[in-house]
Amino acid sequence: MEQLLAALLQLFEPTHLAFLFAGTLLGLIVGILPGMGGTSGLALVLPFVFTMEPSHALAMMIGVLAPTTTSDTFPAVLMGVPGTAGSQATVMDGFPLSKKGMAARALSAAFSASLLGGIFGAFILSISIYYAIPIIMAFGFGEQFLLVVLALLMVGALTGDNLFKGIASCFLGLIIGSIGTAPITGDPRYTFDTLYLLEGVPLVVVGLGLFAIPEIVGLLDSKGSIAKSLNTKKGWFTGLKDVVKNWFLVLRCSTLGCLVGALPGLGGTVVDWIAYSHLKQTTKDTSQFGKGDIRGVIAPESANNAKEGGALIPTLIFGIPGSGNKVLLLGGFVLIGIEPGLDMVTTNLDLTYLMIWSLAIANILGAGICMGFSSQISKFTLVPYYILAPVMVCLIFFATFNINRDWYDFIGLLSFGIIGITFKNFGWSRPALLIGFFLSTKVELLSYQTQAVYGLSFLSRPVSIILIILCLATIVLLTKQKFDSNYRSDLIKGKLTQIYYIIILLCLPLSMIWFTSSLDYRANLFPISLSVIALLLLVFILFVKIADLKNLPFLNNTLMKFARSNIFEISGNFNNQLFYYLSFIGFLLMNFIFGFPIAAALFINMFILFHNRKAYVSSICISAVLMAILWSLSSLLTLQFPNGLIGLFIDLPWWLGGQLN
Amino acid sequence: MSLFSFVSIGNAEVNFAGKTVTWVVPFKEGGGTSRFARFIQPFLKKYLPGNPDVQIMHIPGGGAIKGSNYFEKNAKADGTFIFGCSTSVIVNVATGNPLVKYNLSEYRPVVLLPQNTHWFTRSDLAEPHDLSKIKERKLVLYALKTPASADLFHIWIYEKLGIKGAKPIPGLSSSGGYQAFLRGEIHLSSHGAANYVKKVKPEIEKGKVVDLMTLGIIGADGTVTRNPLAPNAPTFPEMYEKVNGKKLEGDDLEAYYAIGAAWSQASKAMMLPADASDEIVKAYRDAAIKMINDPEFKAKAAKALGPFPLIIGEEAGEIIKKAAVFSDTTKKQLNAALKKHRFTYRVQ
Chain A
2 MEQLLAALLQ LFEPTHLAFL FAGTLLGLIV GILPGMGGTS GLALVLPFVF
52 TMEPSHALAM MIGVLAPTTT SDTFPAVLMG VPGTAGSQAT VMDGFPLSKK
102 GMAARALSAA FSASLLGGIF GAFILSISIY YAIPIIMAFG FGEQFLLVVL
152 ALLMVGALTG DNLFKGIASC FLGLIIGSIG TAPITGDPRY TFDTLYLLEG
202 VPLVVVGLGL FAIPEIVGLL DSKGSIAKSL NTKKGWFTGL KDVVKNWFLV
252 LRCSTLGCLV GALPGLGGTV VDWIAYSHLK QTTKDTSQFG KGDIRGVIAP
302 ESANNAKEGG ALIPTLIFGI PGSGNKVLLL GGFVLIGIEP GLDMVTTNLD
352 LTYLMIWSLA IANILGAGIC MGFSSQISKF TLVPYYILAP VMVCLIFFAT
402 FNINRDWYDF IGLLSFGIIG ITFKNFGWSR PALLIGFFLS TKVELLSYQT
452 QAVYGLSFLS RPVSIILIIL CLATIVLLTK QKFDSNYRSD LIKGKLTQIY
502 YIIILLCLPL SMIWFTSSLD YRANLFPISL SVIALLLLVF ILFVKIADLK
552 NLPFLNNTLM KFARSNIFEI SGNFNNQLFY YLSFIGFLLM NFIFGFPIAA
602 ALFINMFILF HNRKAYVSSI CISAVLMAIL WSLSSLLTLQ FPNGLIGLFI
652 DLPWWLGGQL N
Chain B
122 MSLFSFVSIG NAEVNFAGKT VTWVVPFKEG GGTSRFARFI QPFLKKYLPG
172 NPDVQIMHIP GGGAIKGSNY FEKNAKADGT FIFGCSTSVI VNVATGNPLV
222 KYNLSEYRPV VLLPQNTHWF TRSDLAEPHD LSKIKERKLV LYALKTPASA
272 DLFHIWIYEK LGIKGAKPIP GLSSSGGYQA FLRGEIHLSS HGAANYVKKV
322 KPEIEKGKVV DLMTLGIIGA DGTVTRNPLA PNAPTFPEMY EKVNGKKLEG
372 DDLEAYYAIG AAWSQASKAM MLPADASDEI VKAYRDAAIK MINDPEFKAK
422 AAKALGPFPL IIGEEAGEII KKAAVFSDTT KKQLNAALKK HRFTYRVQ
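Chains as they are written, first to last, in this note's numbering: chain A, 2 to 662; chain B, 122 to 469.
You may find that some hints are simply not true.
As the list claims (entries may be wrong) - Examples of chain B residues lying across from chain A (beta carbon under 8 angstroms, computed): (1) Gly152; (2) Lys259; (3) Gly292; (4) Leu293.
What the hints assert, rightly or not - What the simulated footprint calls covered on chain A by chain B, stretch by stretch (three residues with Cβ under 8 angstroms from a Cβ of chain B suffice, anywhere in the stretch; the number is not a length): (5) 193 to 206; (6) 335 to 346; (7) 448 to 459.
Stated by the list, open to error - Derived CB-CB ranges, DEER-like: (8) A/Thr287 / B/Lys329: 49 to 59 angstroms; (9) A/Asn613 / B/Asn136: 34 to 44 angstroms; (10) B/Pro430 / A/Leu6: 31 to 41 angstroms.
No lab work stands behind these hints: they were computed from the structure. Just so you know, even glycine gets a beta-carbon here, dropped at the ideal spot from N, CA and C.
Build out the structure end to end from the sequences listed, making use of the hints.
Have a look at this one:
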């Protein structure tokens with residue numbers, strides 16, 4: 002009770018509210034940009050929050066996370082493009098509604114459903130925290146090990162377009178995560194004697210590389226926006242009425258969202274589809290679905306905001322992230338010194354409540370801003386990508402540098418950038434890769450700890466058996482729903498590239514085995530077993546791909562059909578995206594020569610002018626505004642700009658990259 | 122003659138007016154060393170001559186090596202750079218980590234903040250302050266983050282107390298280890314003073330957990346006294362005597378002093394670079410003495426820093442030297458304990 006009050010007092014401190022508000026605004030913007038979601042948003046703010054007070058940092062992070070699933074409705078309804086992965090189902094009916102001229106109705110229904118869902122999620126979370134202690138005490142090493150493994154398998158199975166590619170993505174993530182110091186013996190693994198790899202690539206760099214960079218090149222590739230400006234005059238009230246009328250649907254879908262969100266490994270990626278199919282199964286008249294039924298907007302939107310509360314449960318009490326953005330949230334916890342686990346419901350309970358209520362308030366703020374300023378906010382969808390993209394690239398580089406002030410992080414960023422681009426294009430799972438990467442050390446340690454305490458007997462403990470049954474049931478149910486009649490690889494060109502790509506992927510496990518085989522068995526058992534499984538999966542996928550390419554007849558039995566669905570995948574023009582990616586490398590070189598401030602100004606102007614010769618006024622203004630923001634940020638937070646080669650010869654002032662002080 | 126007097130006056134007047142003091146902390150924000158620095162920061166500004174701004178610069182990474190090496194390379198000796206040291210910074214040096222580029226034993230310590238370690242177990246496994254039942258067990262599991270850290274000392278401690286079944290579970294932080302202890306998965310656990318008060322005391326009051334011993338508080342003359350937070354619990358030397366039937370002496374005592382210096386006495390420290398002049402060191406030490414007499418400091422220190430008084434002055438330098446330079450016999454003892462538990466890691 003005391004902690005409840007303490008949290009309440011802290012919640013309404015002006016500075017706390019200010020950071021929460023700032024985070025919410027940022028989250029709203031990130032949600033509107035198609036493709037950019039909470040993961041990229043959090044990755045962008047993380048390098049800056051760890052210089053703040055922990056409670057402020059927490060407010061900022063929750064602020065960024067909560068409203069992305071509210072504002073992502075703008076592009077979903079107006080452009081037919083999901084703003085985040087959580088609003089894919091909203092497009093189904095939201096976009097047709099907007100084409101019928103009922104965009105305002107769809108938006109207002111979506112926002113109020115989001116609001117209710119979000120608050121419901123926070124409510125459930127605050128109740129379940131009371132019952133967390135016995136659950137935590139019941140989860141020993143063995144149960145935690147199972148929970149992590151099952152979470153990984155679920156993510157792999159459900160976020161990939163193809164079951165096997167998803168699971169393989171998971172294992173590749175685990176292998177990459179095992180690079181660095183072996184936790185048991187301290188032996189360096191796969192580090193090539195570099196301090197950088199010894200530490201492992203920072204999580205934020207991996208997050209930005211895997212999520213932000215591919216989305217930016219994807220946006221550039223898809224070219225200009227197709228949104229029409231929003232007519233806000235009519236339909237707002239209708240949308241509200243729709244939600245009130247369908248209150249029971251909101252309640253059902255929020256509960257569903259909360260439950261699915263709480264399943265570790267599942268949160269976020271599929272919840273909108275689950276809500277949508279629940280809606281379809283429970284309504285009699287399904288004729289309007291896909292053509293503009295308002296319930297098709299309400300169901301996924303209430304579910305995808307409710308899941309945030311649910312997904313925080315495994316995140317806070319077990320440190321097991323439910324989705325990509327929770328991985329980054331956990332990374333943020335580490336930065337500000339919060340350790341998930343029992344402490345979160347005992348000694349740090351005030352922090353937990355602070356988070357829950359911040360979540361609720363951020364949801365209210367987010368929905369309120371979206372409704373109140375919808376016509377202004379919707380203009381964001383009209384900004385051409387060639388203006389947004391260079392600004393975002395500059396922000397990403399600035400954020401990356403401020404994690405460790407380490408130039409190697411740029412190489413890490415661009416390496417994971419190309420992995421992200423190829424993964425996205427060829428239908429591999431980026432969330433699975435990220436979660437695998439994050440959980441790798443935990444899996445390795447838990448496997449040793451479980452072995453030391455229980456041996457194999459942990460499998461026969463009651464909680465373990467429940468977990469295994471729960472997981473198998475979920476996977477069977479959901480894969481059935483997801484992979485039904487999904488075969489479309491006939492339409493895809495450039496299949497040979499994707500076959501070569503697997504051969505490149507094979508190099509990772511092979512070289513891992515090669516380089517770690519000489520180490521102590523306690524240092525190499527984990528990476529080598531992972532590599533062997535990854536090899537088997539990759540070879541199988543390669544085999545299915547080749548068979549699919551040659552159209553071999555034995556693929557037509559049921560099982561192989563399943564393996565074959567979406568085995569090839571392409572989104573957008575890969576070569577185009579590669580071209581944009583190369584321009585980022587150019588930007589890195591400019592940084593190296595001139596230092597960040599000059600390089601950023603040059604890059605923005607060059608990039609915009611390359612796409613539109615006449616836009617020099619806006620290019621100069623935008624670069625000036627961005628630099629002004631970065632300068633004020635860096636003087637507020639004592640951050641430093643990367644200094645280039647010329648800085649070695651000329652003593653530059655700090656605002657051009659020189660030393661602080 | 123005039124030149125000479127000019128120099129001596131110039132040296133005597135240490136003044137930081139208008140300057141910024143950079144306090145390098147080789148850990149992330151929010152950790153113990155960061156909190157220590159944050160607590161001291163305003164008092165330092167208040168009492169250093171010229172009231173300089175004090176900014177804290179966090180450089181985490183590489184098990185504190187990155188930030189420590191940064192300090193060694195970039196710190197100016199004019200008093201505008203200070204270093205936030207902790208047990209792990211010292212252990213990196215004492216165990217001969219090849220990546221260490223900082224010459225810690227020559228640094229000029231200003232303030233040391235001691236800590237103390239408490240050992241405890243579940244009440245169904247042993248009587249309070251009594252190891253005999255623990256020693257009979259075939260398997261006694263305990264948490265060990267990594268042998269390349271201060272946790273290494275646990276291996277030595279359990280070895281010297283003759284706990285044959287002791288088996289470390291790797292990769293468990295002290296808070297993760299404590300959770301596993303409460304779940305009943307591991308048998309022995311330990312905590313520093315702050316967490317002992319916050320997390321362990323309530324469990325002792327409930328009767329679920331019993332005290333075993335504390336590391337003990339080592340005085341300037343080498344005498345060991347009991348920890349005021351658990352006055353009934355024996356210190357390690359007392360426990361050693363009870364178990365082995367002889368006083369802690371010789372090589373074992375030497376190792377205990379070294380471990381105690383690194384782990385307990387110099388748990389957190391504020392230091393100046395090795396080449397800082399005596400005047401600057403004196404200015405800092407004077408400021409520290411004024412600080413501990415500040416009524417505001419007195420009011421808040423016990424809660425923020427724990428019950429143990431700060432160590433200021435030459436004594437601090439001796440402790441750091443003892444902690445950072447392990448003798449060959451101490452290293453041999455630690456390595457023997459490591460080898461016994463099949464760790465590949467060795468103290469160099």
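Each hint, compared with the structure:
| no. | hint | in the structure |
| --- | --- | --- |
| 1 | Gly152 | 6 angstroms, holds |
| 2 | Lys259 | 14 angstroms, violated |
| 3 | Gly292 | 4 angstroms, holds |
| 4 | Leu293 | 7 angstroms, holds |
| 5 | 193 to 206 | holds (count 3) |
| 6 | 335 to 346 | holds (count 9) |
| 7 | 448 to 459 | holds (count 4) |
| 8 | A/Thr287 / B/Lys329: 49 to 59 angstroms | 57 angstroms, holds |
| 9 | A/Asn613 / B/Asn136: 34 to 44 angstroms | 58 angstroms, violated |
| 10 | B/Pro430 / A/Leu6: 31 to 41 angstroms | 34 angstroms, holds |
The structure fails hints 2, 9 (numbered hints given earlier, in ascending order).
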